[in-house]
Structure formats: C-alpha cells, structure tokens
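Working from the sequences, and respecting the hints, build out all of it.
Heads up: the protein sequence lines correspond to chains D and L, in order.
Take 1 as the starting number for the first sequence in this note's numbering and just add one per residue.
Take 294 as the starting number for the second sequence in this note's numbering and just add one per residue.
Bear in mind the hints are in silico, worked out from the structure with no lab data behind them.
Just so you know, even glycine gets a beta-carbon here, dropped at the ideal spot from N, CA and C.
A couple of the hints might just be wrong.
Claimed, not checked - Quick look at which bits of chain D chain L covers, simulated, 3 or more residues with Cβ under 8 angstroms:
(1) 38-49
(2) 87-101
(3) 132-138
(4) 172-183
As the list claims (entries may be wrong) - Using 25 angstroms as the maximum straight-line C-alpha spacing, the simulated SDA-like pairs for lysine to any residue come out as follows:
(5) D:K173 / L:G774
(6) L:K610 / D:H115
(7) D:K173 / L:V611
(8) L:K858 / D:K173
(9) L:K858 / D:G169
(10) L:K858 / D:R157
(11) D:K173 / L:T775
(12) L:K858 / D:G227
(13) L:K779 / L:L394
(14) L:K334 / L:K501
(15) L:K501 / D:T183
(16) L:K610 / D:A180
(17) L:K842 / L:L790
(18) L:K842 / L:T775
(19) D:K173 / L:L790
(20) L:K858 / D:E241
(21) D:K173 / L:L645
(22) L:K610 / D:D57
(23) L:K501 / D:T218
(24) D:K173 / L:S771
(25) L:K610 / D:R157
(26) L:K779 / L:K858
(27) L:K501 / D:G169
(28) D:K173 / L:G502
(29) L:K858 / D:D126
(30) D:K173 / L:K842
Stated by the list, open to error - Residues from chain D that keep clear of chain L, each with C-beta distances beyond 10 angstroms, as calculated:
(31) R58
(32) S66
(33) T141
(34) Y223
(35) G226
(36) A284
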Amino acid sequence: MQAPDHTAPQAPVGPTALAPDAAAPAPVTGVAAPVAHDAAVPENTALSIRGLRKSFDRTEVVHGISLDVPRGSFYGIVGPNGAGKTTTLSMATGLLRPDAGTAHVLGADMWQDPHTAKARLGVLADGLRTFDRLTGPELLTYVGLLRGMEADVVEERSASLLAALDLDGEDGKLVVDYSAGMTKKILLACALLHAPRLLVLDEPLEAVDPVSAQVIRTILTAYVDGGGTVVLSSHAMELVEGLCSHVAIIAEGRLMADGTLDEVRRGGSLVQTFIDLVGGGNVAEGSLSWLES
Amino acid sequence: MVGVLSTEHVQTAAAQDVHHGRIAARDLLRLQLRLKWTLWKRSYRKNVGKIIGTSIGALYGIGGLVLLVFAFLGTTLWAGEGDLFPQILRGLGALTVLVWLLIPVLAFGVDDTLDPRAFALYPRRAAELQPGMFAAAALSLPSLFTLAAIGIGTVFELMWLVMFGQGTAWVVLGALALLPANLAAYALCLLLPRAWFAHSASRASSRKGRELGGILGMIVMLVVIYGLSLSMQKLGDLDYSAARDLLPQATEILAWTPFGALFAVPMDLAEGNVLTALVRALIGAASLVLVWRWWRRSIALALTSALNGDASSGAAKVSPLVPRFVRPGPFGASMGRALRYWRRDTRYLAALGVYPVVIVFFVAMGFVLPDSRPMMLGMAVFMCSMSGITLANEIGFDGPAGWVNIVADAPARANLLGRIAAMALLMTPPTIVIMAVLPLLYGWGWLVPMTVMGSVGALATGWGTSMVVGVLLPYPSSPPGTNPMKDKSASSSNAMLAMAVAMTAMVIPLLPAIGVGIWGAAVGSLALTVLAGILALAAGAVAMLVGQKIATARLDARYPDLFQKVRHHL
Chain D
1 MQAPDHTAPQ APVGPTALAP DAAAPAPVTG VAAPVAHDAA VPENTALSIR
51 GLRKSFDRTE VVHGISLDVP RGSFYGIVGP NGAGKTTTLS MATGLLRPDA
101 GTAHVLGADM WQDPHTAKAR LGVLADGLRT FDRLTGPELL TYVGLLRGME
151 ADVVEERSAS LLAALDLDGE DGKLVVDYSA GMTKKILLAC ALLHAPRLLV
201 LDEPLEAVDP VSAQVIRTIL TAYVDGGGTV VLSSHAMELV EGLCSHVAII
251 AEGRLMADGT LDEVRRGGSL VQTFIDLVGG GNVAEGSLSW LES
Chain L
294 MVGVLSTEHV QTAAAQDVHH GRIAARDLLR LQLRLKWTLW KRSYRKNVGK
344 IIGTSIGALY GIGGLVLLVF AFLGTTLWAG EGDLFPQILR GLGALTVLVW
394 LLIPVLAFGV DDTLDPRAFA LYPRRAAELQ PGMFAAAALS LPSLFTLAAI
444 GIGTVFELMW LVMFGQGTAW VVLGALALLP ANLAAYALCL LLPRAWFAHS
494 ASRASSRKGR ELGGILGMIV MLVVIYGLSL SMQKLGDLDY SAARDLLPQA
544 TEILAWTPFG ALFAVPMDLA EGNVLTALVR ALIGAASLVL VWRWWRRSIA
594 LALTSALNGD ASSGAAKVSP LVPRFVRPGP FGASMGRALR YWRRDTRYLA
644 ALGVYPVVIV FFVAMGFVLP DSRPMMLGMA VFMCSMSGIT LANEIGFDGP
694 AGWVNIVADA PARANLLGRI AAMALLMTPP TIVIMAVLPL LYGWGWLVPM
744 TVMGSVGALA TGWGTSMVVG VLLPYPSSPP GTNPMKDKSA SSSNAMLAMA
794 VAMTAMVIPL LPAIGVGIWG AAVGSLALTV LAGILALAAG AVAMLVGQKI
844 ATARLDARYP DLFQKVRHHL
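If you want it as structure tokens, here you go:
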C-alpha cells in the first residue's frame, strides 16, 4: 500500500453523506484577504474588479466582489457550483451587465469603454453554444474579421492555431459535429486569435481529453511566459494548484480569499483550504450504511 | 485486493443483484402516467403562449365535435334513411387513422415527453415500459378529442343500428363489435406515429439527414395541403356523379387497408357481411399486433442505444467564408456567416423550400380561378414582405452563440446589415423574376413595373422593420437545425407580440403604395401603378435607413442585455 499523501485531499473513508455547514463562510484575513471594495484600481493589473453585484429575480447572487489580477499571472478562480464564478466572469467580460461595480481590463473600463477593453481581451465561455454551423476555420475567420483583423493575418494565425490544437485535419467538419474537447479547443483558438493580453477562460479543460488538456496547458503556460495573463475558473483543484500562480476562492457570491497560491493555501493544500473556507465535507456517520449492505 | 476486505465486505461485493429490481406492471404504468401528467402540466407553467395556443386548439376541437354531431344527425335522424351513414363512417374512420399517422410524420412530430432513451439506465425491459408509454401517449389533447369523436361516432352507430339495422341478430352482432373495434382503431391511431418515430430514432442517422428529412416532410405536407386546396377549387367543375362514385370506391379500398379496416367492422356486421367483417377484423388485429411489436422492438433498441443517432454528417464544402465580391471585414464576415446558416440551418433553409411552393400555388390558383388573380398577385407581393420579416428575431436565432459577437466586439451595423445582405442576395433575384413573370402569365404585363418594384420595396420594408423588431423584442428560439413546424418558440407570447409588431410596422409604410396600387390597377392606369411601385421602393428605402439607424444604436447600447434574454434555446 502507498503511504498516505498529506498534501492530497483528505477524502472521507467509506460512503458518507455531506452535511451542510451551518455557519456561512467568512472571508479570510491577512495577506490573502479580499481586496476592499473602495480600493483604487492599480495600474499594473490585467483585470481589476470592484464591487460587482448581480441579482436575478430579486435575489442577489454576487455580493460586491472585488479582486485584482496582476499582469503576467496565471490566475485561478475556484468555488463550488453556484458560487458565482461564471456570473462574475460574465460581468467582467461584458456578457452580463452588473447591477453595481466596475471591471477594468488592462486599465479600460469594460462597461464605459467596452471597445478598448474587448480589444485587449480573449474569452472562452463555458456551456454556451457558438456559431456551430460553421466549420472550425470558418469560425476563426468570422471572429477574426469581426475583430477587424486583416484577412491574411486571420488566415495565417488560424492555420497555426488549428495545427497547434490538432484541428487542422477537420477542415470540412462543422463545429456542431465536433466532440466536446474539440469544441473547447476551437473556442480557445478563437480567444487567442487576436493575441490578446488577457485571457478569461471559464472551465477551459472541462470535458477535454488528457492529450488535448496537455496541449491546452502547454499553450497557456507559454502564453503566460510570454507576458500574457490568464484568468481561468475551474472545479479541478489539482489543475489550479499545478498551473496557477494566483488563486481566488469564491463561495456564495463572495470572495473568500485571493492572492498567490502560497498566500491562499497557507502551507496546506488548496483543497483543504477550500473546504475550510467554503465549508461542507462533513459527514454524518452511518447515514449511507445501506450502501454497505 | 480481496485479501484486505472483511468477510462482510466480500459478501457485499459479490452480491449479484439488489433487492428492489422488480415493480408490478400496474405500478410502473401508474408511475409513467403520473410522470407524463406532471411534465404536461409543468409545460404550461409561465408559458402564456402555450396556454393561449392550447385554448385556441381546444376551441377548434370543441367546434369540430359539434360539427361532427350535426353531420351525424344529418346522415341518420334527419335524413330518414341510413344508406349513406356507413360509408361516411368508414371514410371518416380511415381518414382519422391516416391523419394520426401523416400529420406527425410530415409536420409536427409526436410528443416525446416519455422518450424511451430516458429510461435507458433503468433495469426495465421494453415490454415492461411499453404499456405505460402507450397510456401516456393517450394523455394528450388530440388523443382526448379523438376519443371524444370516436365516442360520438359510437353513439350514432348504435342509433343507426337500432333505426336501420338489418335484422336483430346483425344489430346485436354489430353492437357487440362496436366498442372493441372502435377502441382498437383508436389504439392504432396512437400506435402508428409512435412506432414510426421510435423506428426512425433507432436508426443511426446523421444529424444532417434528420434535419433535412424534417424539412422535406414539411414541404411534402404543404404540397399536399395546397394540392388539396386547388382540387377543392376545381370541385365546381367536376361531374358530381363521378365524385359520388369515386369517394365510395376510395373508402371501400381504404377499408381493406389497416387504416380503415377496424372502423369498418361494426357496420359490415350490421349490414350482414360477416365474411368481410371477419377479414377486416383480422387485418385490423394483425396491424395492431404488428405495430405494437414493431414499436416494442424500436423501444428495445432505444434502450440500448440512447446516445446513437449522431453519426457523422460528412464534410461541408470548403470555401472562403466571405463571398468573393465582398470586402473581407466585419460586414463580410456577418454576411458570410448568414449565408452559411441559410444553407446549413433548417430554421432558415425551410423558408427557401417553402416560398417556391407558395409561389407555385399562387400561380396555379390564378389559373384555376381566374377571378382570384388580383388577389393572388397581391398575396405574392405580401409574401415578399413577409419573407422580409423572416429576420425579425435574428438575435434570438443566435441565442447563446451571441456571446461570440459580444466578446469579439462585432460592430452592430455590420452585424445587422450583413444578415440583410445575405438574405437580399438569396431572395432578391428570384423575387424580381417571379414578380415579373407572374403578371405576364396572368396576361397583365402592364402591371410588371408595379409588382417588381412593389415586391422589392416590400422586401426592403420587411428588412428595415426586422432590424428594429429584432433588437427591441428578441425572444428565445429553438436551436439551429430545428424544423420550423416544431419550433416551440413560435407559440410563445413573446413571439406573437414580436410578429404582430413586425407585421404592423411593416404594413404602415407600405399603405400609400398599396392604396395607389389598388387604385391604379382598378382604373387601369399604368402611371398610377408605376407610382405605387416607386412609393413601395421609397418606403423600403426609408424603412431600411431608419431601421438600420435605430437598430444599430440599440444593439450598440444593449447587446449584453438582449443576449441575456435569449441565451437559452428552447
């Protein structure tokens, strides 16, 4: 038997039920404490969010989130399902109008100066269709020309992106007929096409096979090494821990902690820090005993 | 691994089954019925359009039942003779079964609330699931109205037996066969479309094949409807005695097929034709058994191939996205994408298939009924403007894909005009040709300038209106590839409102042209008809200009908000 790995998540032994935590999660204090809502927007950030709020059907789901993503960082946003990650990123990328707050992309206000902000930004949305009746190359051409790029530049970059992402053999295949992994890759290519300085990727590796995932990781790491900034949201702690330099933990529409990976995990594992902050993971002894008989 | 487990664990791990693997057939049937009822009820929640649509449908249904009662009264009690009634009953019976098969197959599909594939993960066999699925199929408005109609028919059949039956024995035999035969025919109505669709779904067809098949069915249905409509117009010229001979012959033939056999049995017995009744009962029973087994086989296949049906659709032709004669840029990209969608998305493609059928109908109608030519010409121009408002829900048609445009910061003007340009490229040349040829065919060559200019003006007015309505009142649509006849969004209250606004807004700028056109045609003035054409063109130009300005400003300011309204396909 292998020796227990203390850095790995401590999975409960035996089938157990998750019991909801009675206490609401509270943000951490200290170096990983969330940014104050009234803090000035620093000049050297790739993305600065201040006091973003959003309600649906009169229920507030994002409660004034503020965070700063340093330029050149690989920034992971983690949180449980329904924590408000996608809503926050949608507001930051111009897809969802916030009820309050601001989002600055490399200094440009997304909602006051969207043209400048969007020119600097590449986005991969999760769970939304694309214009899938186009082939991959057609989709890239479409996005590139919409962005005002020269046709020959679009063609040249499309070819190299398709080759890098192993999609160059699928010229006549419509995106609707792509697998989930191929769809992620073509959307990533769309986000990269105009060589933005900030990439916002919502669950970029979900449903992607291991080989494609490795290709995407390599491309993103090279992109950050070249001075770009990546913000990604994910459920996969191992991915964030292995890839990101910075991390933010969101729960119940609030930022619990943010900072460098080491500042947030405080010497432990990210998973344990996450569970400590978000709650849950407690088990009611014997409540699933019927599974054992 | 086994070595580290306790004896208890080993026993648990070795268990081959669980203790709750069986369910009584009646309980399963009740469960499925309750599931169908719950889902049916919930489909009306927050769906005003569906409630209105269903209410209108129910009113039509009730009206149909009342008409049926009067028709039966007319052929039994009021007629004072009973010769015609059995023929009518056999004919209506066969028609009912045929309609139950053809309308779903060619147009609307069947309600698949209890899709067998949804049960694929449960330890239930097709034979266990089938009765519940059949009972659930009966739980729908068309089914209930059909049952009511059959009930009415049964009562009148009984009355007819008492009043006109040939001898007590035959009357008793007919009466005994009445209920089982009619209920069996009703069961066949429910089974036929389901068996057909379950079979189609079990075949591993390509996405493209399924989508195009749907459109083809719709076009065939339109051709049949228009063909029947034309035939009805010709009835006046027909020899009635020939028609009187033809209909009973057709009914008699149908009564020997699975479609008409079951409904014919009671009347056959009442008329003393025992052998005929027996053979038809056999045909009916065999049909029921075969269709039931066919359906069961397809359900069994569906249970083991829940994820099938998405075979490769082949490769699309590789060509530049932007047409050669357009400068590559945002406008060209938008136009190129729209052109691809006209070809690859059935929501658009269907329109290209339907318009020629409609135009042919107008032409034919004008020849069948020469008096209707002015009306047909007017309808053809009207169709042009209607085709213009095909684009009235473009943001809704994009649906969740709209995020691509937003994050790419697509210029609003290029985004909108590119779509118009694509449709103009496809629609304007055939419109001009058709609207030049149609008056010539009718012998009214002098109307050509008006019809050509009028139709182009109407098209442009439709486009201008569409741009504005599309960014003011977008509504969620069904996803790409949906057969327009099955588009759930069409019955939503948002869709009705948007279309009502679009049609009103489109007609108003055209009113001067319409007025002058009618006046000119009535007095035979070429000058006035030309003026009407010019007025239509002017209305189109103004609508395009104003529409484009309003729509661009609105889209620039509110695209994220419009996107959030339509970000989920129905």
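(message) Three residues or more, CB to CB closer than 8 angstroms: is that satisfied between the stretch 132-138 of chain D and chain L?
(response) Since 6 is at least three, the answer is holds.
(message) Run the distance test for L:K858 versus D:G169: straight-line Cα separation, threshold 25 angstroms.
(response) 37 angstroms, violated
(request) Go check the stretch 38-49 of chain D versus chain L for me, would you? Three or more residues, Cβ under 8 angstroms, otherwise it fails. (result) violated (count 0)
(message) Between the alpha carbons of L:K842 and L:T775, is the straight-line distance 25 angstroms or under?
(response) Answer violated: L:K842 to L:T775 is near 31 angstroms, above 25 angstroms.
(message) Run the distance test for D:K173 versus L:G502: straight-line Cα separation, threshold 25 angstroms.
(response) Roughly 15 angstroms separates the two Cα atoms, so the pair holds.
(message) Holds or violated: D:K173 and L:V611, Cα atoms, limit 25 angstroms.
(response) 9 angstroms, holds
(message) Hinted pair, alpha-carbon criterion (25 angstroms max): L:K610, D:D57. Please report holds or violated.
(response) Roughly 46 angstroms between the alpha carbons, so the hint for L:K610 and D:D57 is violated.
(request) Take a quick look at whether L:K858 and D:G227 sit within 25 angstroms of each other, Cα to Cα. (result) 37 angstroms, violated
(message) Against the 25 angstroms threshold, does the CA-CA distance of L:K858 and D:K173 hold or violate the hint?
(response) 30 angstroms, violated
(message) Holds or violated: L:K779 and L:K858, Cα atoms, limit 25 angstroms.
(response) With a Cα-Cα distance of about 21 angstroms, the restraint between L:K779 and L:K858 holds, given a limit of 25 angstroms.
(request) Verify the proposed pairing of L:K610 with D:R157, using a straight-line Cα cut of 25 angstroms. (result) 21 angstroms, holds
(request) Classify the label on D:Y223 as holds or violated, using whether its beta-carbon is more than 10 angstroms from each beta-carbon of chain L. (result) Its Cβ never comes within 10 angstroms of chain L, the nearest being 17 angstroms, so this holds.
Hints 1, 6, 8, 9, 10, 12, 14, 18, 19, 20, 22, 23, 30 and 33 from the earlier list are contradicted by this structure; the remaining hints agree with it.
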